[in-house]
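Trainee: Residue numbers (my numbering), protein chains in the order written: chain A, 2 to 153; chain B, 2 to 153; chain C, 2 to 153; chain D, 2 to 153.
Hints should not be assumed to be uniformly reliable.
Remember, identical chains collapse to one label, so a pair may be satisfied in a single copy or spanning two.
[To be verified] Derived SDA-like pairs (lysine to any residue); straight-line CA-CA distance at most 20 Å: (1) 64 to 143; (2) 92 to 14; (3) 92 to 107; (4) 74 to 46.
Simulated from the structure, these hints should not be mistaken for lab results.
Number of protein chains: 4
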Amino acid sequence: MIYSMTQIEARYSETDQMGVIYHGNYPTWFEVARTDYISKLGFSYKDMEETGIISPVIDLDIKYIKSIFYPEKVTIKTWVEKYSRLRSIYKYEIYNEAGELATTGATALTCIKKEDFKPIRLDKYFPEWHAVYSEVDKRNKAGENLEVVNGL
Amino acid sequence: MIYSMTQIEARYSETDQMGVIYHGNYPTWFEVARTDYISKLGFSYKDMEETGIISPVIDLDIKYIKSIFYPEKVTIKTWVEKYSRLRSIYKYEIYNEAGELATTGATALTCIKKEDFKPIRLDKYFPEWHAVYSEVDKRNKAGENLEVVNGL
Amino acid sequence: MIYSMTQIEARYSETDQMGVIYHGNYPTWFEVARTDYISKLGFSYKDMEETGIISPVIDLDIKYIKSIFYPEKVTIKTWVEKYSRLRSIYKYEIYNEAGELATTGATALTCIKKEDFKPIRLDKYFPEWHAVYSEVDKRNKAGENLEVVNGL
Amino acid sequence: MIYSMTQIEARYSETDQMGVIYHGNYPTWFEVARTDYISKLGFSYKDMEETGIISPVIDLDIKYIKSIFYPEKVTIKTWVEKYSRLRSIYKYEIYNEAGELATTGATALTCIKKEDFKPIRLDKYFPEWHAVYSEVDKRNKAGENLEVVNGL
Chain A
2 MIYSMTQIEA RYSETDQMGV IYHGNYPTWF EVARTDYISK LGFSYKDMEE TGIISPVIDL
62 DIKYIKSIFY PEKVTIKTWV EKYSRLRSIY KYEIYNEAGE LATTGATALT CIKKEDFKPI
122 RLDKYFPEWH AVYSEVDKRN KAGENLEVVN GL
Chain B
2 MIYSMTQIEA RYSETDQMGV IYHGNYPTWF EVARTDYISK LGFSYKDMEE TGIISPVIDL
62 DIKYIKSIFY PEKVTIKTWV EKYSRLRSIY KYEIYNEAGE LATTGATALT CIKKEDFKPI
122 RLDKYFPEWH AVYSEVDKRN KAGENLEVVN GL
Chain C
2 MIYSMTQIEA RYSETDQMGV IYHGNYPTWF EVARTDYISK LGFSYKDMEE TGIISPVIDL
62 DIKYIKSIFY PEKVTIKTWV EKYSRLRSIY KYEIYNEAGE LATTGATALT CIKKEDFKPI
122 RLDKYFPEWH AVYSEVDKRN KAGENLEVVN GL
Chain D
2 MIYSMTQIEA RYSETDQMGV IYHGNYPTWF EVARTDYISK LGFSYKDMEE TGIISPVIDL
62 DIKYIKSIFY PEKVTIKTWV EKYSRLRSIY KYEIYNEAGE LATTGATALT CIKKEDFKPI
122 RLDKYFPEWH AVYSEVDKRN KAGENLEVVN GL
C-alpha cells in the first residue's frame, strides 16, 4: 500500500498511574499520523476546514498489543484502507522503539458541512483530493508498496 | 442486562475547533462510566491497583452517531457484555441531553500484575469480584433487566 | 466573598506515572469550577459564545500544595477576586477529600470578539452580567461571606 | 542565559471550540520543552524516576499574549532562571510560526522520594546533575548567552 511513517515521542503528560501511555491518548496519535499522511500527499486538513467542511471520525477501533512507555519514540505507519467519495477508512500500526508492533487501529471519516453537519462528496468539493485518493486506492489494490514522503 | 447509568457534563476543555466534544475524549468517558459501574456493584478499581494488579484496556471500539456539545449533560449506560476469568467486555451507550443515542462503544479489559505485566485470573486474586461478575453474567444471559445502583 | 463550591471526582485519565493527578489538568478543573460559579450566578458561558463573544484566559497561576489522587472527590471554592469591565480575576482553592487545602490558583479573563479577537467591554455587551458582577464586587469589598447556590 | 530551543507542532486534539490551542495544554508543552532542555544538557528525567525520585511542579505561571492555532509550528525557548539544591525555576517563551512572542511561563520544581514524598537535595542524590546545573547557574549570572544543543 501507499503509506506514510510518522515519528512521535511519548509525552509525560500522556502517561497514567499504570506507568504506561494512557490508552485514551492513542486517537490523538492516530490523528497526528493521519495529518502527516495527508500532508505528505500534498493536502492540508486546515485548508479543508477553512472552506467550511470538517471531517469527523465516525468509527474508531484500537487493539493494544504492547504498552508504550514515556519517553519512547514510536513510529506510526498510516494508510488508506478503503476510499469512497463519502468515506475513508485509515489504518494505523504503531511500532515501539524496539521495532515491535505495539498497536493497530482504524478510523472511518466522512466530510460534512460545518454549518449543518450534512455529508458532502469529496469529488464535488475537493476534486484534486479525490483524484489523489482515487489514485492511491487504485495503486493499493494493485499491490503497490510505497512510503510516501513528498507526494505520489 | 445488569447496567448502570452515569451522568457526565461535557467540559469546555473537551471540545475541539469543530465545536464538538473531541472524539478522542470518549475513552475517558467510558472509563468514568466503568468506574461508576464497578463502584455500584460494590468494588473499587483503586483497591485492586493497591494489591499490585492493574486492568488495562486491550481493545476499544467506538461508533460516533451524533456529536455531543459543551456543556451537554450526557448519560452513559454501561454493562458487562461478556465475562470470563481472564477478560471482560464492557459495552457503553451514550445518550445526549435530548435522550438520543449519540455513541456506542465497547472495551475489553484484562487483569495483569503491575510488576511483570503477566495476566492473572480474576477468580484466584479477587474471588468476591469473580462471584459477583459470574452472577451478573448469569443474570444477563437469563435476560434480566436491572439498573444497578447500590449492589446486586 | 461571594463564592461557589464545586465537587469534582478525579479521573483515572487525569493521573500520570507519578501516581498523582497530572499538574497540567488543574486548568481544566478551574474551568469546570468557573463554569459552575457563573451558572450559579444565573449566567451561561455557552450563551455568551453564541453571541460571538469568547472569554479567553490570559493569565494563569497555580500553587500545588498537596498532591491529589485518583479517585479523590475534591471541592473547589471559586470567587471573583477583582472585576472590571475589561477583565475579571477568578481565584480558586482546591480542598482534598480530607478537607485540606491542596491547591490555590488564579486566572485572569477578558472578553473578545471571536471574529477579530478585539476586546469588548462587558457592560456594553452583557449589561445584566455586568450588573451582577458589579454587585458581587461591591459585596466582596464590603466583606460579605456567602456561598452562592442559586443566584445572589 | 544557557537555553534550549524546542519545536512543537500544535495538534488538532489540542484545540478548543474557540478555534485556538486550549490554554490548559500549555503546561504539557512546557514539560516537553523542559524534557528537551534536560536531555540536551545530558540528563534524563526517566533515569531519575527509575531511582525512585520524582520531580513535581509546585508552582506554575503562564501569560497568554497571542493565541496559537492548529497546526502552527511553535518554538519554545527554555532556561533555568534560578537553581538551588532544593528547587529549580524554569522559564519558557513560546514563539509562534511568525516568530512573535506568544506566551511566557515559569514553573518551579522540587525533587522528592516517590515512596514518601519527602524532599531530597539534588547534590546528594544526583551530584553530576547538580554540578551541571551549578555551572549553568554560574554562567547565567555571568551573562553568557548560549543555545545548548549537545551538552555544555
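Trainee: The structure should be examined with respect to each hint, and the outcome stated for every one.
Mentor: Now for the hints, and whether the structure bears them out:
In this homomeric assembly, residue 64 and residue 143 never come within 20 Å of each other (Cα to Cα): the closest approach is 27 Å inside a single copy and 30 Å across copies. In the homo-oligomer, the alpha carbons of residue 92 and residue 14 lie at most 20 Å apart only across protomers (19 Å), although the nearest pairing inside one protomer, at 25 Å, exceeds that limit. Proximity of residue 92 to residue 107 under the C-alpha cut-off of 20 Å is found in both arrangements, the shortest distances being 4 Å within a copy and 19 Å between copies. In this assembly of identical chains, residue 74 and residue 46 lie within 20 Å of each other by CA distance solely across copies; the values are 15 Å between and 25 Å within a copy.
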